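Participant: Sequence:
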Amino acid sequence: MNGRILIGTDEAGYGPNLGPLTISATAWHVPDAVEPQDLWAELQSVVTNAPERGDQRLFVADSKKVFTAGEGLELLEIAVLAFSRLIGAEGTTIDQLCRSISMSSQAVPFSEAYSAEPWNTLPGLALPVDSSDDHICEWVTTLHSELEQRGIRLVGMRARIMFPFEFNQLVAQADSKGVVLSNGTLELVRDLADACVQEFDAEIPIFVVCDKHGGRNRYDALISQHFDDQFVFRLEESREKSTYRMGKMNFCFRTKAEEFLPVALASMIAKYTREVLMHQFNAFWKQKIPGLRPTQGYPVDAKRFREQIADGIAMLRLPADLYWRLR
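Under this note's numbering, the first residue of the sequence shown carries the number 1, and numbering increases by one thereafter.
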């Protein structure tokens, strides 16, 4: 089969002390003539990253543009659930959705890590949270029709959800949360690349775009580490972007990577799954402490929240590393 694979990755929750770090990736099969940056134009009748007043198209962009705390999850939710249902990654609850897009090969299975936290109920929070099934189903139909007409397919969606206990262990081992982020990202890329090679062809070209990880400019050793020590040819390394070639795969780590549609959708998946999991976390503590103001988990407010739930933590005898990320 002709064409190429485009893979984009992004994260949500790198900075907070509370809640998981979520990393996500999406993989797309596109015709040979479609360049990575052309996806927006190809799908412009149904998708936009810059909606105008009254725009009826699906809003897909960096999650920071789509979601504002306190304004609900609807815009994030419609896109994430529509695209996930498009590939059969369905879930009527947040734990089902996360399990369906998590890697089966990860060291700590999602279900095990999820159940270790007392606020993660079974079943989890029902989906959709702020939208409606009917609206999402309409978008699934619309997207399927447009993608099929254009010869474009969303072929995979993955998430790596690291709850605080696992995150703390990995950071302690690596002595760097940046390394933990980089490893989690390349694990997703490898998983999707292997799945695509199996479905299509070992010779199919794969183009990977990732947001740069902090101030890091060198990624060749990281790529090689996650792809069986294959030789990685360095093309460019700069503050703006670092590019590499490894066999039929090309990698680009760049700033503003969300300008690439597969990265933008990955950003939204990561943010949506984290936000719904934080909804559960906040609901659990609010039930125990009426009037407690919810938190998004970022450092200053996380300290306020930790102080206010201290009695509850002591009563439940919860170890700090189960809920508090050390970095």
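Hints in this document: simulated from the structure, not taken from any laboratory. As the structure is a computational prediction, the values presented were derived from the model and not from experiment. Careful: at least some of the hints might be erroneous.
[Said to hold, decoys possible] Capping the alpha-carbon separation at 27 Å, the derived lysine-lysine pairs in DSSO-like fashion look like this:
(1) Lys256 with Lys212
(2) Lys256 with Lys241
(3) Lys256 with Lys177
[As the list claims (entries may be wrong)] Taking CB as the label site, the calculated pair distances span:
(4) Val179 with Asp55: 38 to 46 Å
(5) Glu237 with Ala320: 22 to 30 Å
(6) Glu74 with Arg293: 33 to 41 Å
(7) Leu316 with Glu52: 47 to 55 Å
(8) Glu148 with Arg293: 15 to 23 Å
(9) Val179 with Ser132: 39 to 47 Å
(10) Glu90 with Thr121: 14 to 22 Å
No residue lacks a Cβ here, since even glycine has one placed at the ideal position from N, Cα and C.
Participant: Hint by hint, note whether the structure agrees.
Facilitator: Verification of the hints:
1. Lys256 with Lys212: holds, 8 Å
2. Lys256 with Lys241: This hinted pair holds, its Cα atoms lying about 10 Å apart.
3. Lys256 with Lys177: Holds: Lys256 and Lys177 sit about 21 Å apart, inside 27 Å.
4. Val179 with Asp55: 38 to 46 Å: holds, 40 Å
5. Glu237 with Ala320: 22 to 30 Å: violated, 39 Å
6. Glu74 with Arg293: 33 to 41 Å: violated, 22 Å
7. Leu316 with Glu52: 47 to 55 Å: holds, 49 Å
8. Glu148 with Arg293: 15 to 23 Å: This hint is violated: roughly 46 Å between Cβ atoms.
9. Val179 with Ser132: 39 to 47 Å: holds, 41 Å
10. Glu90 with Thr121: 14 to 22 Å: holds, 19 Å
The structure shown violates the earlier hints numbered 5, 6, 8.
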